[in-house]
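J.: For reference, the chains in residue letters:
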Amino acid sequence: MTTTRTRRLGALAIAAVFAAGACGTGANQSPTASAIPSQGTQSQATESQAAESQPGESQAAESQAGESQAAESQAGDLSGEIAISGSSTVQPISQGMAELFNQANPDVAIRVDGPGTGDGFQLFCAGETDISDASRAIDEEEAAACEAAGIEYVELQVAIDGLSVITSTANEAVTCLSYADLYALIGPEAEGVDNWNDAEALAHELGSTTDLPDAELQIFGPGEESGTYDYFVADGPIAEFAEAQGQEEVSRKDYNSSPNDNVIVEGVAGFDTSLGWVGYAFAQENAATVKLLEVSAPDGECVAPTPEAIASNEYPLSRPLFIYVDKAKAESNPALAAYVDFYLDEANLTQVNDEVSYINLESSALGETRSAWEGR
Amino acid sequence: MTTASRALPRSLHRTGGADWRGLLFHGLLLVSLVFSLLILFTLITDVLMRGLPVFQERGADFLTRPTSSSPARSGVAQGIFGTLMMAIFVSVVAFPLGIMTAIYLEEYAPDNRLTRLINVNIRNLAGVPSVVYGLLGLSIFVLALGPLTGGKSMIAGGLTLSALVLPIVIITSAEAIRAVPHSLREAGYGVGASRWEVTRLLVLPNAAPGILTGTVLSLSRALGETAPLLLAGAVLGGFSTGSRGLREQLFSDYTVLPVTIFDWSRRAQAEFRDLTAAAIIVLLVITLFANAVAIILRNRYERSW
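In order, the protein sequences belong to chains H and F. End of the first sequence = 389 in the working numbering, gap-free, step of one. End of the second sequence = 285 in the working numbering, gap-free, step of one.
Just to be clear, a hint being listed does not mean it is correct.
What the hints assert, rightly or not - Short, incomplete list of chain H residues facing chain F, as computed with Cβ under 8 Å:
1) Ser270
2) Asp274
3) Asn275
Hints were generated in silico from the structure; no laboratory data involved. Note that CB positions come from ideal geometry on N, CA and C, so glycine has one too.
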């Protein structure tokens, strides 16, 4: 008995020595650790890189950005880190651009994440990212958070998307829906409506003349966390009528929501008289299984979502896609400034947008974006 | 045992000539088997049908390229690297810690209320949803220890996964150690061996096959996890490493195969569906490889009593 007790005590003593050792090293490290907060390490690194690189380099990159050949001769000059997060819709553009940029500047480490527009702004306004991708404009709450954190940003439109209202290819009764129809079918007052025809009375009251078929209604759409959802309710048909009807700007709660646009498309394709909305690229890529409906704004004509109609804003559900750039970080990080310069080059942007089947801005709109960036 | 074997013939007598209940039960068992096999078969054929053409078309190119915005240039290299690094982390961090904890609990700790409480808690921890471990990883390894781990880094991800499998490693190892017959230990003590000698020379060699199988199986579970790593900073999209060396990459961006699969499944281009299937095949192969290692190790060390 005594031997086991002494042994146990001995083991305890050894464990205590280990623990003390661990605590000791912890204590030694903690001053340095607390002196450098997690973003601190990053910004320090970028500052030292800023000091190393020659001034005027970003302009040089800009002038040569058009020809990747010419830019390649510069290879290795730029280094540093760029952190991008935000909308999963914009992610392919930023990612494609990062790849193109890396061909010319292989030493720049770029991270492109796509958790969603809202999550992206949270990180951005906490100073954790340099660029925030967004499929809608920053909202008041988010802007206030950025202001409170002292983060100044510049909003740059980089592409345009058309929210596409889709149904199954088997649904021949519907070809065009007005804003009033969409409000009556998907808006807050549509709760419980499970037949297209049941929404007709409200739609006609709001000025629509569409005949809605007597068919079962199944709705598939993005979840509330998505920028695609926000745009539909806050800038689209629901916002159009909600206030006058004394309703909140929300959709009905009883629809099939998914954060994955491909799941929405599959749901719509799988049910004959379905209704849903996704970004244009997703509808377009699946045009064999889903039908893109025409949409008419109040007092407007039915417009089909074609690249031209979306780019010219003739299509009522055209929505801008943005990147938000942290001004202070663009100032201190030449790699970031060069990346944005590269991003806004028309040839580069066209190449990337075409590759990921997104719609290019008209030249004049891109010109405005560029002057917003240069005037930052 | 004896009452059961005595009761069996009596109940058989009761059913009489045609044992239709028994037949029904037999049929039910077969149906369940066929049903589960059918699901597995459908899943695997679907994935193979979609994914194999990608390998035929792209070959090694698919395995050596990073993720990309374009399906034609996308590959799983970063995912494979991240997944293998996670495997190394779990093997280096969770296995020794877990196995040593199990040895302590089974061989050294006195059997009192405290150790029983600890045992129950470890069992409960093994049942905690993996997302919760993701939150733990986010708050401890990414945020609190950010200055040491580099924030959303490979190390933070590896530590999160290690925390996730630790309880499973402890439980399976403890089971394996408990399965070593007591007579063996008593024989060891009988010839004057110390506890350390009994543990090292008798218990561990005999528990090894069980411990190895359990730990390797827990590893393949860790490799399939998506949710905790999304929280612990795996990149859901793309990243380039710039001029970072291997050591710096440990402290910076990473991704793993399940996260790559998740990202590709939500892309617009239809070609990404096939790439998703191909990435799933790669993940399956890695998991099967880990399981095969477990089986080989078990067969190699197994003894019968």
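J.: Return the numbers of the hints above that this structure violates; sort them in rising order.
T.: The structure conflicts with hint 1 only, although it agrees with all the remaining ones.
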